[in-house]
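Novice: Quick note on the numbering used here: the sequence shown kicks off at 1 and runs consecutively.
Read the hints as simulated data drawn from the structure, not as lab findings. Misleading hints may appear alongside valid ones.
Said to hold, decoys possible - For each label pair, taking beta carbons as the anchor points, the in silico distance ranges come out as: (1) Glu213 / Lys81: 44 to 54 Å; (2) Glu213 / Gly95: 31 to 41 Å; (3) Gln120 / Gly217: 34 to 44 Å; (4) Ala226 / Arg35: 25 to 35 Å; (5) Asp214 / Asp102: 40 to 50 Å; (6) Arg35 / Lys218: 43 to 53 Å; (7) Pro143 / Leu191: 45 to 55 Å.
By construction, the Cβ of each residue, glycine as well, lies at the ideal position given by its N, Cα and C atoms.
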Amino acid sequence: MSTPSRYRFILSICLLVLVHSGIHTDVVATTFVVRNTAPGSNGGKRFAHSIGTARSTYVMSSATSFIQRTFRQTNSHDQRKHVHEVTLFIEAADGVAYTAGDEIHVSARYIGTYKGDVAQEIRGVIYHEMTHVWQWDGKGRTPGGLIEGIADFVRLKAGYAPSHWARPGEGDKWDQGYDVTARFLDYCEGLRSGFVAELNKKMRFDYRESFFEDLLGKSVHQLWGAYKHKYGQ
């Protein structure tokens, strides 16, 4: 049995044990695969040493469960995407990472040059990219900054926000993306528990800026102004 097949088999067996033990799980139907296609590179070696294929597969599964809880989809199969398999590639590429459909691509070069706890960073990247697999995007109408902000919001709530991220209140506009938008969404979540879950649900078939007012009673620009005022920005 090849290494990827062995990890898929082990994960499937573990999930079946959870089901037959009466432990609720929502990721049984999804297979998680990790392929290090740059094993000889510095980043590929660092990936294998710091976290490896088996643990990365587990992180993908754990991230899926966390995302479904964050989106409040654990008991709503009709409200979430149905994805048969997600594959994570560690490959020779520039940048950090990107997701295309059910494939996540992470740069071995980035891993090789990262300064700090690389295992923690890889986990954070996986949580961010796994969010892209599962989140709704308004049939392509949702602004990219909000898409990335939701992914970083999940990473933030999972405890994987790095120290260099923007502080609460920082940023030039609400949909600046990534950490700036994640901090703003966290503020909105504080105004209404489950806000991000409801926003994601609304974006299944469409996107309108008025979704913010529907959920919080104020326009997104009013909310951004109140957010900046709260932190003296």
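Novice: Hints first: check each against the structure and report whether it holds.
Specialist: So, going through the hints one by one against the coordinates:
1. Glu213 / Lys81: 44 to 54 Å: Taking Cβ atoms as reference, Glu213 and Lys81 lie about 26 Å apart, which means the hint is violated.
2. Glu213 / Gly95: 31 to 41 Å: holds (35 Å)
3. Gln120 / Gly217: 34 to 44 Å: holds (38 Å)
4. Ala226 / Arg35: 25 to 35 Å: violated (46 Å)
5. Asp214 / Asp102: 40 to 50 Å: Since the Cβ atoms of Asp214 and Asp102 sit about 31 Å apart, the hinted range of 40 to 50 Å is violated.
6. Arg35 / Lys218: 43 to 53 Å: holds (46 Å)
7. Pro143 / Leu191: 45 to 55 Å: With Cβ atoms ~20 Å apart, the hint is violated.
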